[in-house]
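Protein chains: 2
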Amino acid sequence: MLGNFSYHNPTKLYFGDDSLKYLRDELKNYGQNVLLVYGGGSIKKTGLYDEIVGILAECAKNVAEVSGVMPNPTVEKLREGVAVARENKVDFILAVGGGSVCDYSKAVSVSVNCSDDPWDKYYIRFEEPDCEIVPVGCVLTMAGTGSEMNGGAVITNHEAKLKIGHVFGDDVMPKFSILNPRYTMTLPKYQMCAGIYDIMNHICEQYFSGEDDNTSDYISEGLMRGLITASKKAVADPQDYEARSNIMWTATWALNTLVSRGKTTDWMVHMLGQAVGAYTDATHGMTLAAVSLAYYRYIMPYGLKKFARFATQVWGISPGSKSDEQLAKEGLDAMESWMKQIGLVMNIKDLGATEEMIEGIADATLILKGGYKVLDRDEIVNILRQSM
Amino acid sequence: MLGNFSYHNPTKLYFGDDSLKYLRDELKNYGQNVLLVYGGGSIKKTGLYDEIVGILAECAKNVAEVSGVMPNPTVEKLREGVAVARENKVDFILAVGGGSVCDYSKAVSVSVNCSDDPWDKYYIRFEEPDCEIVPVGCVLTMAGTGSEMNGGAVITNHEAKLKIGHVFGDDVMPKFSILNPRYTMTLPKYQMCAGIYDIMNHICEQYFSGEDDNTSDYISEGLMRGLITASKKAVADPQDYEARSNIMWTATWALNTLVSRGKTTDWMVHMLGQAVGAYTDATHGMTLAAVSLAYYRYIMPYGLKKFARFATQVWGISPGSKSDEQLAKEGLDAMESWMKQIGLVMNIKDLGATEEMIEGIADATLILKGGYKVLDRDEIVNILRQSM
Numbered sequence: 000m001l002g003n004f005s006y007h008n009p010t011k012l013y014f015g016d017d018s019l020k021y022l023r024d025e026l027k028n029y030g031q032n033v034l035l036v037y038g039g040g041s042i043k044k045t046g047l048y049d050e051i052v053g054i055l056a057e058c059a060k061n062v063a064e065v066s067g068v069m070p071n072p073t074v075e076k077l078r079e080g081v082a083v084a085r086e087n088k089v090d091f092i093l094a095v096g097g098g099s100v101c102d103y104s105k106a107v108s109v110s111v112n113c114s115d116d117p118w119d120k121y122y123i124r125f126e127e128p129d130c131e132i133v134p135v136g137c138v139l140t141m142a143g144t145g146s147e148m149n150g151g152a153v154i155t156n157h158e159a160k161l162k163i164g165h166v167f168g169d170d171v172m173p174k175f176s177i178l179n180p181r182y183t184m185t186l187p188k189y190q191m192c193a194g195i196y197d198i199m200n201h202i203c204e205q206y207f208s209g210e211d212d213n214t215s216d217y218i219s220e221g222l223m224r225g226l227i228t229a230s231k232k233a234v235a236d237p238q239d240y241e242a243r244s245n246i247m248w249t250a251t252w253a254l255n256t257l258v259s260r261g262k263t264t265d266w267m268v269h270m271l272g273q274a275v276g277a278y279t280d281a282t283h284g285m286t287l288a289a290v291s292l293a294y295y296r297y298i299m300p301y302g303l304k305k306f307a308r309f310a311t312q313v314w315g316i317s318p319g320s321k322s323d324e325q326l327a328k329e330g331l332d333a334m335e336s337w338m339k340q341i342g343l344v345m346n347i348k349d350l351g352a353t354e355e356m357i358e359g360i361a362d363a364t365l366i367l368k369g370g371y372k373v374l375d376r377d378e379i380v381n382i383l384r385q386s387m
Numbered sequence: 000m001l002g003n004f005s006y007h008n009p010t011k012l013y014f015g016d017d018s019l020k021y022l023r024d025e026l027k028n029y030g031q032n033v034l035l036v037y038g039g040g041s042i043k044k045t046g047l048y049d050e051i052v053g054i055l056a057e058c059a060k061n062v063a064e065v066s067g068v069m070p071n072p073t074v075e076k077l078r079e080g081v082a083v084a085r086e087n088k089v090d091f092i093l094a095v096g097g098g099s100v101c102d103y104s105k106a107v108s109v110s111v112n113c114s115d116d117p118w119d120k121y122y123i124r125f126e127e128p129d130c131e132i133v134p135v136g137c138v139l140t141m142a143g144t145g146s147e148m149n150g151g152a153v154i155t156n157h158e159a160k161l162k163i164g165h166v167f168g169d170d171v172m173p174k175f176s177i178l179n180p181r182y183t184m185t186l187p188k189y190q191m192c193a194g195i196y197d198i199m200n201h202i203c204e205q206y207f208s209g210e211d212d213n214t215s216d217y218i219s220e221g222l223m224r225g226l227i228t229a230s231k232k233a234v235a236d237p238q239d240y241e242a243r244s245n246i247m248w249t250a251t252w253a254l255n256t257l258v259s260r261g262k263t264t265d266w267m268v269h270m271l272g273q274a275v276g277a278y279t280d281a282t283h284g285m286t287l288a289a290v291s292l293a294y295y296r297y298i299m300p301y302g303l304k305k306f307a308r309f310a311t312q313v314w315g316i317s318p319g320s321k322s323d324e325q326l327a328k329e330g331l332d333a334m335e336s337w338m339k340q341i342g343l344v345m346n347i348k349d350l351g352a353t354e355e356m357i358e359g360i361a362d363a364t365l366i367l368k369g370g371y372k373v374l375d376r377d378e379i380v381n382i383l384r385q386s387m
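Residue numbers (numbering that gives the first Met the number 0), protein chains in the order written: chain Y, 0 to 387; chain S, 0 to 387.
It is possible that part of the hints are untrue.
As the list claims (entries may be wrong) - Straight-line distance between alpha carbons at most 25 Å, and here's what the computed SDA-like set of lysine to any residue pairs gives:
no., chain 1, residue 1, chain 2, residue 2
1, S, K321, Y, T311
2, Y, K174, S, E25
3, Y, K305, S, W314
4, Y, K232, S, N3
5, Y, K321, S, G315
6, Y, K232, S, L303
7, S, K305, Y, E241
8, S, K174, Y, D170
9, Y, K304, S, G315
10, S, K328, Y, G319
11, S, K27, Y, F167
12, S, K328, Y, P318
13, S, K11, Y, C130
Keep in mind the hints are simulated off the structure, nothing from the lab.
Model the full structure from these sequences, guided by the hints.
And the structure:
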């Protein structure tokens, strides 16, 4: 059944190949000092940087920049951004990039007016912001994390070998996000596929928990079926606008709190994947792919009915006279075939993990309790070994 | 493919059997003069009225009331509400009831500070509000219309024999809505079933349009499958909280703009049903049920692939070697069986329509152009005759 909950998602979205035209009007709602945040500079190659700088100039904004935000934004980079934002008295942050740039911008937004160190406050003590939050807007160039319509912000601390996400409340969600599927088309295939699996796993993390019948799981099944169809088309032809637009829109709804309403959730694949990421700095979606099958095959007996339902409702496997065990197995086999078909990395060794790292990765894995089986440390080590 | 669109839904939702407790905090955000709007007085029998009046008193609000809002709110009642709101200088409207009470409250909210007659302005000239809108909050007691999270407001003009909906923008959407599935349990079964079909048809109206592949349709399929499952359980046991909560949550997402993003939509069943309603004053959901099958069977050949998909993805019909025609037919047959199983009214005669009314109902039917076949007046007459 649907447990008690609240739902509020104030982010305004502009979607489509003409969506950048709304940036001008949105900027009018915010202050004069803008912090422009972006990544490794691909937006300079594509011309998007020039377009955005042009719009900011038209709006007579004072622009400071933080560039070079890395795929797994570090705590050092976060502190740098906070310093730049303070120096320039920014009253608006414009994130142009993928989930990392959006996550990073949100982490800066809650830290600019806060005297505590952001890592300690938000990622160790898990406090909520008690200072003025600088509003954030996003121009998204990559589909995957859902960061464009949620309050999540993952930060990596290489020294501590920790990669931790803090999900902030609706006052930290972007005020608006501009989603143009064409911007995602210049992405290398490896990144596109990693994003696709990130989306799939966001849904699975919320789906594989609980025994009840609830609306959220039906929505999840619809989203997953649409994603599987679109992903095959996008891999066959990355310029397929229909497929890329469906992937982008699914990403947003996979992690904007809707499909977790009224239910428990798992998130252990993310905990495992983030620990792998902290050790290898590998692409987030690929770390999830590389640990997923070992994890799901291990917990399957504890959530058998849901895994059987996953097989029939998501992968279209005909139940016939098959047992739940058989169905559940076939469902995960179908997922494995699809993962290989779209070109995901299927083990953590290929991401740079070594035997020597396993104990450390296990130590860095947060153990959550919402899934079908609460793991102990030995089980985590075993799953990591199975993922090698 | 997903066409270009924007999405913004600022309504805050509190869901669950404890959700009324949030009313107190929400009321603090609004002014002192509250207009309490409700229907025929069932909330007095259930005790909800006393609870809410108690909370309003605790918050030291000045309360004016409009009661007796009918299932199809009339333009005369609308003018009465506007007058009461003006006299009492209300700065907040609290709707307690089903979709009609919510719709009505929104229609009042855009009319209080406007000198034009609301019927002429919003339902004949279809203008947008250019005056201050009074904020609305809802406590929902019936699941169906989705009015709790959208900008829709349907008003009936019996004199003109017109029942017309105006879908206002996000500034007219309720600021918050309180959704307690238990409140829906005191509803007569007839009303519950009418609500269930209203939800189903909201989704169908958005689903049966367009040839492309898009995320919205996958979400719709998930919502429909969940609704079908929950409806059977709720009919078997109206006190089944799990089923009632799933129905209530599905209703919200069936018509809060999500499943129409990026696609064309139909809405002809609503046009037909509303015209029947204007002549018979019958329950909205039942008017939709009574005209649906004649309409869908008539347009099926023009949208064959979608109707075949509906059969396999929503009703679980195995495609085998069946033709699209066969599948499409079996899908609608499955829907018919389900409609009969949950006890819907299957023809307009049983709702009070007579042969003599048919020409008038046809005249009152707005012809929309988003479906698989743009109807002419003769076709509308034929569909109405088939629905007798």
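Tested hints:
Distance restraint check for K321 of chain S and T311 of chain Y: the Cα-Cα separation of roughly 20 Å lies within the 25 Å cut-off, and the hinted pair is therefore satisfied. In summary, the hint linking K174 of chain Y to E25 of chain S is supported, as the alpha carbons are separated by about 21 Å, within the 25 Å threshold. Restraint check: the Cα-Cα separation between K305 of chain Y and W314 of chain S comes to about 20 Å, which is no more than 25 Å; the hinted pair holds. A C-alpha spacing of about 20 Å is found between K232 of chain Y and N3 of chain S, which places the hinted pair at or below 25 Å, so the restraint holds.
Proximity of K321 of chain Y to G315 of chain S is assessed by CA-CA distance (about 17 Å); at most 25 Å being required, the pair is judged to hold. Using a Cα cut-off of 25 Å, the hinted pair K232 of chain Y and L303 of chain S holds, with the two alpha carbons roughly 23 Å apart. Proximity of K305 of chain S to E241 of chain Y is assessed by CA-CA distance (about 17 Å); at most 25 Å being required, the pair is judged to hold. Taken as a hint, the K174 of chain S and D170 of chain Y pair is honoured in the structure, with Cα atoms around 16 Å apart against an allowance of 25 Å.
Using a Cα cut-off of 25 Å, the hinted pair K304 of chain Y and G315 of chain S holds, with the two alpha carbons roughly 18 Å apart. With a C-alpha separation of about 24 Å, the suggested pairing of K328 of chain S with G319 of chain Y holds against the 25 Å cut-off. Taken as a hint, the K27 of chain S and F167 of chain Y pair is honoured in the structure, with Cα atoms around 24 Å apart against an allowance of 25 Å. For the hint linking K328 of chain S to P318 of chain Y, the alpha-carbon distance of about 24 Å falls within 25 Å, and the restraint holds.
For the given pair, K11 of chain S sits about 23 Å from C130 of chain Y by alpha-carbon distance, which is consistent with the 25 Å threshold.
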